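J.: Letter by letter, the chains look like this.
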Amino acid sequence: MKTFICGLIFAAMICTGCLPGPTSTGGSKTITVYAFSIMKESLERDIYPAFKEKWRQQHGEEVNFTSSFAGSETITNQILQGAPADIAILSIEMDVDRLIQAGQVPADWWVTAERGIVNRTPFVILVRQGNPLGITDFADLAKPGVKLIHPDPVSSGGAQWSILSIYGSELKKSEAATGAKDEAKALDTLKGVWKNVISTPGSAREARTQFETGYGDALITYELEGLLMKQAGAPVEIVVPKSTIFSEHPGVVVERNISAEEREVVYAFRNFLWSDEAQKAFVKNNFRSSVNESFDAANAGFVKIEMPFTVHYFGGWKKAYPDVIDAIFRKQVKGQ
Amino acid sequence: MSANLSNLRHTHGFDLVKPLSVAALVLMMLPLILLPLASIFIFGMSAGLDKFWDSLTAPDAIFALKLSIVTSFWATVFNIVFGLFAAYVLARYQFWGRNAIIVLISIPTAIPTAVAGFALLLLWGPYGLLGQYLSDEYRIMFTPYAIILANIFVTFPLAFGVIMPVLETMDRSLEEASATIGASRWQTFWHVTLPALRGAIVGGALLTFARSVGEFGSTILVSGNLSGRTQTAPLYIFAKFNEGQVEAANAIAVVLAVFSFIIFSILFFARDWLETE
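Keeping their order, the protein sequence lines are chains A and B. Numbering of the first sequence is given in this note's numbering, commencing with residue 1 and proceeding in unit increments. Numbering of the second sequence is given in this note's numbering, commencing with residue 1 and proceeding in unit increments.
These are computed hints drawn from the structure, not numbers from a lab. These numbers were taken from a predicted model, which means no experiment stands behind them.
Pulled a few chain A residues facing chain B out of the computed Cβ check, cut under 7 Å: (1) THR66; (2) SER68; (3) GLN81; (4) GLY82; (5) ALA83; (6) PRO84; (7) ARG205; (8) GLU206; (9) THR209.
Even glycine gets a Cβ: it sits at the ideal position worked out from N, Cα and C.
If we strip away everything but chain A, and leave its shape as in the complex, we get:
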């Protein structure tokens, strides 16, 4: 019994020594970033180190970063519940609106260079090597027997972009052919595609991991994900739809969580995201620049899209969300 108690006290002593807390950073500053899933590589490989270096040169001070990556809706919910984010980089502007409504982000967040948009990337289809099912456009994904992986619109911003992309591409093509938007055809395509979805992972990155492990015939995702997979040597091909959407990703400061002394460095970091240096780093990491399209020429992997469009084709997120995601996808497609 005594040895048992001694052991317990001993273990308690060891563990008290390392009761976890934020590791002390000794005079340096820490920026906490919550970002949607596919931001990971560009931030960790290039953007963080570049900003650290810049801040050190200008202020002689160390900056550290700590980050969490998940689906855009998931991190928004975490921040709404009080997660300590200083900066949030989200996939869709609707999530920024939710943060504004909760008083966490100032309503004028978009009054910046490029309306608060950090970077962009078009939506493409990934298929297995050799494209065995002969998929050339979104409509082919509605063919019977195609097994599609599609992130979950409940937790993932990428999933909502994908839905806008499928629906909008049919409108765009019919408009170009006949002069009128064929909403019935767009709805049919979306319904057909959704019937073939066999799995809805929580984020674009989770969807990619599932596809990489051999599950499914096709995946609708950010161009960036396709390029990363090809660079890693995965046996996949990128199919470029004739018409597809460019997703645009907002970066915001979570005002509620930053203290007066953090303010300068947090805003400096956010503004750094629009610097030429950061924008070129995004291009290197397969995002397209939101500031200067000529930077995009540096990445030879970028696909060419015949009829691109953005969320403004629907009148911005404030209309696209209720009109397409809610009224068409939630009410007519998901509940079919």
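Add chain B to chain A, keeping to what the hints say.
T.: Okay, now just chain B, sitting in the frame of chain A:
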């Protein structure tokens, strides 16, 4: 009929049923438990030992393991003390509402761990029932303390469940003898009751600890999942898997698998030793 039965009993010669049933048992375990575990080891090592070691010694990985162990330790300490106290009160006294308390203690077993997580958020979060009155320095959610709270909630019934039956079926003559020779209640508890519960306490502690180390559903909701600050080992595995870094995820998974193997081996061998000492 009776002739058939005596044939089945195999009173003489080699009993064929024994090796067959053992083989059947192993075969059943193979696809359900053994092969999935084996694939963790195979994939964990597939990139070579160097890569395995690198993934294991990455600063965030080490932090995640350490955080898991420390938070689980404190949850275990709390739940052992609580479980012992609850088992003692409920085994020694009969009172109105006793069964209700037993049921309440057991509830976390059946509650999805994600529910445990957001229940804590709804209580202690910045907009929660109590959390809204806490100032920023005392905020619990999204800190390691939140992970301890979540672990306590999820493993609440385990230690109690192991200690309670032992206490209930214990031979009370020694306690009575101790009382007769003038020992106080506290002395009786300390010198008679507690030593008899040694095996149950160690068993309950190991179970609680093992379950806490593996906890995921509640932790991901309350911790904030910040690598190097509030990311436990299971969250690290999930994050790495989602990032497509399956080797890194596997390295930590191997550690956790070996860890639970050790825990349950101790549980198995230590029980006899503790109870006979």
